[in-house]
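K.L.:
Chains as they are written, first to last, in our numbering: chain L, 1 to 133; chain B, 134 to 277; chain R, 278 to 448.
Note that these hints are calculated values from the structure, not bench results.
Fair warning: there could be bad hints in the mix.
Said to hold, decoys possible - Calculated cross-link-like contacts (lysine-lysine; reagent style DSSO-like; alpha-carbon spacing at most 27 Å):
1. LYS435/R <-> LYS225/B
2. LYS263/B <-> LYS429/R
3. LYS275/B <-> LYS407/R
4. LYS42/L <-> LYS442/R
5. LYS356/R <-> LYS229/B
6. LYS420/R <-> LYS225/B
7. LYS435/R <-> LYS229/B
8. LYS176/B <-> LYS429/R
9. LYS225/B <-> LYS178/B
10. LYS420/R <-> LYS216/B
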Amino acid sequence: MKKKGQILVENVVFIILNLIFLTILILFIYSKIGSESLLEEKYSKQIALLIDSAKPGMIIHLNMEDAINEAKKNNFNENIVFVSGNTITVKLREKGENSYSFFNDVDVSVYPDKKNEDNKIENYIIKINSYNK
Amino acid sequence: MQNKNLLNQKKGQIGETMTWVVATLIIIVILFISIYMSSLISKTKILDSVDFDPENLKQNLLVKKSMMAFVLTSEGNLNEFNKNLAIEIFEKIYGKEFYILMGINDNLIYIGPNPELTDFPEEIFLEKIKLNDKNELNLILKKR
Amino acid sequence: MILKNKRGAEKIISVYWFAILILVAGGIFVMVANFHNSLYDVRELEAEIMINQVSDCLSYGGKLNEDLFDENGFNEEFKILEKCYLNFGNGKEEYYLEIEFYNFENLEESLNFKISEGNINLKADCEIQKSKEYGTISKCVEKTFYSLDNDKNEFFIKILSIIRKTEKNAK
């Protein structure tokens, strides 16, 4: 009878340890899928290529809802996109950012669009002002 | 009798271990295949313009520029298609990589070699230039 | 005796089971890290965009830009970066742009006029890429189009665009 009890406890402990292990694994995978660094890379390159393809006078509205939500989760309330010279930087967290340069010699302004009906910012506006010089 | 029992017990233990050895080998092989697959999938992160084409037909700015120059060279004869000039121009530029279909409105002909009867190339580029109210110059490039 | 043997075998299997779990977990970790650590490589797209912008600058409505020519023929002073509003950055090491003009009769015969800007050393990477694609060297894209000058002389124009930027596109 004692032996039967031992086998049951052993099996239960075994199963619980397995479940803990699996939970840790799933949490790790889940955290990697929604990673900010992936979004920062995606948007910095996308905006740089948009600017490269554009001409002065163009105004581009880019939906960045997922990036804006990610920044909010990280309590990052500043502007997530900014231009410096011919480099676009996307920053969704305090420590970390992704930059990509563009070859089109234009003056660019990037700023958030006005809020929608739910009082949320969804889009960023990329305005190609003029050629430099 | 006791010796026979012992022998039987040993066989049982070896049998169980062999099962685990085989299972481990299978798990390792599957893991290696999965890791290789993940590295292949990461190669889909290398992007070119074909990846952003929802309808399998896309515009090509340089083809359009060449067509504009072709129209200018045709010297205002916008009702007839100058096949010889088209061969001179488009076969030289695109002939190695594509089959070229060109013509006015629906009267399209192959510039250069035709595809084999068993070959069904997918259309890659489609460009149009409106010549006048009635006529439109069309060019389709099909990948060889 | 038989019962003792069973418990011993089960304990060995439990340790072994965790070893397998760790192996599988390690494999999943490697797979996820492999995929997420690799970068998006947009250089081919970027090179195609550059070629489109340059062709737009060189030719409009089927005719070549007048600034490409002077009284003596081709204008050797034509500054492609200024005229086409391109900024290769301070170092100019990440880009190479080359434009060649060809005889209409023969696409293999280049006329004696070539415009180039950027890091010419990147051209060597194109030869390597022809035999096998490597992510860690530059990406090259070459396109050709047909155009006329004001006197209706016919030209083929080949544009070669090379982009290095390996730190941002390949690991």
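K.L.:
If you test the structure against every hint from before, which numbers come out violated?
P.N.:
5, 8, 9
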